[in-house]
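**Student:** Sequence:
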Amino acid sequence: MEWQRSGASRRSVLGLMGAVPVAAAGAVVAGSGLASAESSRHGRVPKAMRPGGEYDRYVAERARADEFSGTILVAYGGKPVLERAYGMADKEKSLRNRTDTLFILGSINKSFTATALLQLVQQGKVDLRAKLGTYLDGFPAEIADTVTVHQLLTHTSGVGRSPIQIGPPDPEELAWDTVEEVWEGTLKIIRARPLQFTPGTKWQYSNDGFTVLGAIVAEVSGQSYYDYVRENVFAPAGMKRTDFYTRPQVLAADDIAHSYATRNQTGEGERYDFTTSERFQFVGLPAGGAFSTAGELLKFVMALREDGTLLKKAFAELATSGKAPDVPSDEEPDPLLQCTHYGYGFATSIFNSQRIFGHTGGGPGTGNSYNVYPDLDCVSVILGNYDSAKGSKPMLRMERRLVTN
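Numbering follows this note's numbering, in which position 284 of the sequence shown is assigned residue number 1384; successive positions increment by one, without gaps.
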């Protein structure tokens, strides 16, 4: 398709070594992608993470069992050493996933929103200690005069619906079909919600809180949230195809993966195409709206780690260091997971004595993650268009163990 940016004024907005095809559960699962890297780089890459290594074989097994569909990328020194694609991007059109297929990112988008906000902090235009009412109007005093930007960034604000909304919850939202309706309607709903708890007293994941942060970005910058992020995050990082594609654009595209979900997101039972369902929103929001590729997420990470490209080094370190301690996790207990924290739009942890930062992104038919292992100079990306329970989640656990071993 021809890639177009969808501005706020638009009506249209939301293998193994030889890349061997495998079949599972009556569906074709294709494995393809970069299966080798320069031997000079292999000296720094654990054997388990190389092409044909334990991780590569494990992912192929998941795909063969029809438990994973999507792409993976492993990079060392900023260079990919392993890329694979499995499964179908669009089953109705018989289009396979490729290593350059676009996937809806889910909550990985929070890293983009936080980066945009911290650019404004860096410029002196936003104060992390300031109250919400300093930048946005229309909120009741109990929110406007008490909730800080810091609390919104760390999920400690008490703002928004509890705990996570998956898909539009009511007919009003289902009827929105312009960017303006989605944006203004969502903010209207958030403004009308009472605080869930006294700000700063607990940690509770809040998609709505990150939508509010996006509204601050728009208000302070004088641009739409979407245009600001395109121009100040995606463009400097070289993320040429990453964007907030609209529902009509997604349905017309041949290189955007559809999300195939099971009814309870358990990975059990028959899958349906969530992307064509009425619950797929017209346009995404700051908490989880962009589409990207594994390769462009690597570009984002590399730009974040380059002093000044997206953020000055001090602000990048601020964003990716833990703020809210001991955040709850839905993962199976792992004795090697020593602590989990949340920074500013980035999840942080110490696993097997190695620091990790990044984010996951989940939802119906969506199972994503990107992890940065800064002391090992490794970045790993998983983008999946199946539920995460049997695919990307166990893959992530395997990845962390093998990278840090």
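Don't take each hint at face value.
What the hints assert, rightly or not - Straight-line alpha carbon distances no greater than 27 Å define the calculated DSS-like cross-link-like pairs of lysine-lysine that follow:
(1) K1399 <-> K1231
(2) K1413 <-> K1179
(3) K1288 <-> K1302
(4) K1302 <-> K1231
(5) K1340 <-> K1193
(6) K1225 <-> K1288
(7) K1413 <-> K1399
(8) K1490 <-> K1231
(9) K1191 <-> K1412
(10) K1147 <-> K1340
I should point out that these hints are in silico values taken from the structure, not numbers from a laboratory.
**Student:** Against each hint, give a clear statement of whether it holds in the structure.
**Tutor:** Hints, one by one, checked against the model:
| no. | hint | in the structure |
| --- | --- | --- |
| 1 | K1399 <-> K1231 | 33 Å, violated |
| 2 | K1413 <-> K1179 | 21 Å, holds |
| 3 | K1288 <-> K1302 | 25 Å, holds |
| 4 | K1302 <-> K1231 | 18 Å, holds |
| 5 | K1340 <-> K1193 | 25 Å, holds |
| 6 | K1225 <-> K1288 | 25 Å, holds |
| 7 | K1413 <-> K1399 | 16 Å, holds |
| 8 | K1490 <-> K1231 | 41 Å, violated |
| 9 | K1191 <-> K1412 | 43 Å, violated |
| 10 | K1147 <-> K1340 | 32 Å, violated |
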